[in-house]
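Generate coordinates for the entire structure from the input sequences, incorporating the hints supplied.
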Amino acid sequence: MLKISSQFDSGAIEVVSLADAQNIHLKIRSDNASPFSQWFHFRLLGAKDQDCVIHFDNAASSAYPDGWPDYNAVASYDTENWFRVASDYDGQTLRIHHRPERESVFYAYFEPYSWERHMRLIGEAVEASPLCELVHLGSTLDGRDMDLLRVGVEMPGKKKIWITARQHPGETMAEWFVEGLLETLLDPENSVARVLLEKAVFYIVPNMNPDGSVRGNLRTNAAGANLNREWATPTMERSPEVFLVRQMMLETGIDAFLDVHGDEAIPHNFVAGCDDNTSFSAHQASLQDAFKASWLATCPDFQTEFGYEKGKFGPETLTIGTNWVGDAFDCLAYTIEMPFKDTAKRPLPEVGWNGERSRQFGASVLLPLLAVVDQLR
Numbered sequence: 006m007l008k009i010s011s012q013f014d015s016g017a018i019e020v021v022s023l024a025d026a027q028n029i030h031l032k033i034r035s036d037n038a039s040p041f042s043q044w045f046h047f048r049l050l051g052a053k054d055q056d057c058v059i060h061f062d063n064a065a066s067s068a069y070p071d072g073w074p075d076y077n078a079v080a081s082y083d084t085e086n087w088f089r090v091a092s093d094y095d096g097q098t099l100r101i102h103h104r105p106e107r108e109s110v111f112y113a114y115f116e117p118y119s120w121e122r123h124m125r126l127i128g129e130a131v132e133a134s135p136l137c138e139l140v141h142l143g144s145t146l147d148g149r150d151m152d153l154l155r156v157g158v159e160m161p162g163k164k165k166i167w168i169t170a171r172q173h174p175g176e177t178m179a180e181w182f183v184e185g186l187l188e189t190l191l192d193p194e195n196s197v198a199r200v201l202l203e204k205a206v207f208y209i210v211p212n213m214n215p216d217g218s219v220r221g222n223l224r225t226n227a228a229g230a231n232l233n234r235e236w237a238t239p240t241m242e243r244s245p246e247v248f249l250v251r252q253m254m255l256e257t258g259i260d261a262f263l264d265v266h267g268d269e270a271i272p273h274n275f276v277a278g279c280d281d282n283t284s285f286s287a288h289q290a291s292l293q294d295a296f297k298a299s300w301l302a303t304c305p306d307f308q309t310e311f312g313y314e315k316g317k318f319g320p321e322t323l324t325i326g327t328n329w330v331g332d333a334f335d336c337l338a339y340t341i342e343m344p345f346k347d348t349a350k351r352p353l354p355e356v357g358w359n360g361e362r363s364r365q366f367g368a369s370v371l372l373p374l375l376a377v378v379d380q381l382r
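Heads up, my numbering is the position in the sequence shown plus 5, with the first residue counted as 1.
By construction, these hints were calculated from the structure, which means they are not laboratory data.
Errors might be hidden in some of the hints.
Said to hold, decoys possible - The list that follows gives simulated cross-link-like pairs (lysine to any residue, SDA-like), each with its CA atoms no further than 20 Å apart:
no.: 1; residue 1: 53; residue 2: 126
no.: 2; residue 1: 350; residue 2: 271
no.: 3; residue 1: 8; residue 2: 127
no.: 4; residue 1: 204; residue 2: 369
no.: 5; residue 1: 317; residue 2: 301
Claimed, not checked - Label-pair distances were calculated between CB atoms; the ranges are:
no.: 6; residue 1: 349; residue 2: 318; range: 18 to 26 Å
no.: 7; residue 1: 295; residue 2: 138; range: 24 to 32 Å
no.: 8; residue 1: 352; residue 2: 238; range: 38 to 46 Å
Beta carbons are placed, not taken as given, at the ideal position from N, Cα and C, and that holds for glycine.
If you want it as structure tokens, here you go:
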């Protein structure tokens, strides 16, 4: 007998029909208080050694239907080791084709990053180095902790580098990215990290949207707020996550800001700056160019050919974290985007773009930061 369940951390799916393994029909569930839908994460029981065809009947009405062509879902038997499974999209329905080798198998939109792993990340970071300190910013609407890690000794003249991730909770690659960055930054034998920490203090928020993450949302928090459209006027009632982080930013100041995300449709790693701000300065342009040039020269997974077109966000521009920070602090401010699909230029079909590759990409960002740290002010 087949069974599908999703009552676990970041679980999300709706079952339509489960009578036949070759004709399973599901619906991608919307965020709890918003119509956004794209994230799925569920467990299938009872299908061992059966040729399964899983139909997502409402894929065409998801938030980003352009994300389905050339996309393959991820699967795991143990929730630790994830691999890609053959998937196709006909313009209406997304289908997974898979013959499970175990009685229990998990499927997801991208390799999940659990709340338990988040808490372990925080604890291990603080234990790893006396330079790393946990700062409790406050609580989310569901009562979860907003955690910030301050890395480095605050002293006059030191640069302030802020890094936030996972404003959109379904973009789990963002927290994988931060995990790799933190591991490298806290390595006492890493010379790049040592030099950066001599010159700068890092303020890192590994998960900007704890409630949405646990609830299995794609883009919003418990109140249905898209946090990356809340930066102009956040409130404790609707978007406490942004309100609390923004409040501390105004206290510390910012010399560089990186906001880490995932993009559903574009099969490349890229950055988006604050070029569309009316306040965009020559200083910011120079820093953007130097940062990009360094990352391009030192990381094969980064590219500058593909990305967002100019003017993409129109009147929403200054409600976006990167643009608000760039406007408020006249500093280097970049959104970093990674793919849900595999990378088109250097694909690894068995795993696609995944957690480990995101970790390595996160570690690599320290080199372009080193390249610009002396020019930040």
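Results of checking the hints against the structure:
no.: 1; hint: 53 / 126; verdict: violated, 34 Å
no.: 2; hint: 350 / 271; verdict: holds, 12 Å
no.: 3; hint: 8 / 127; verdict: violated, 35 Å
no.: 4; hint: 204 / 369; verdict: holds, 18 Å
no.: 5; hint: 317 / 301; verdict: violated, 23 Å
no.: 6; hint: 349 / 318: 18 to 26 Å; verdict: holds, 24 Å
no.: 7; hint: 295 / 138: 24 to 32 Å; verdict: holds, 30 Å
no.: 8; hint: 352 / 238: 38 to 46 Å; verdict: holds, 42 Å
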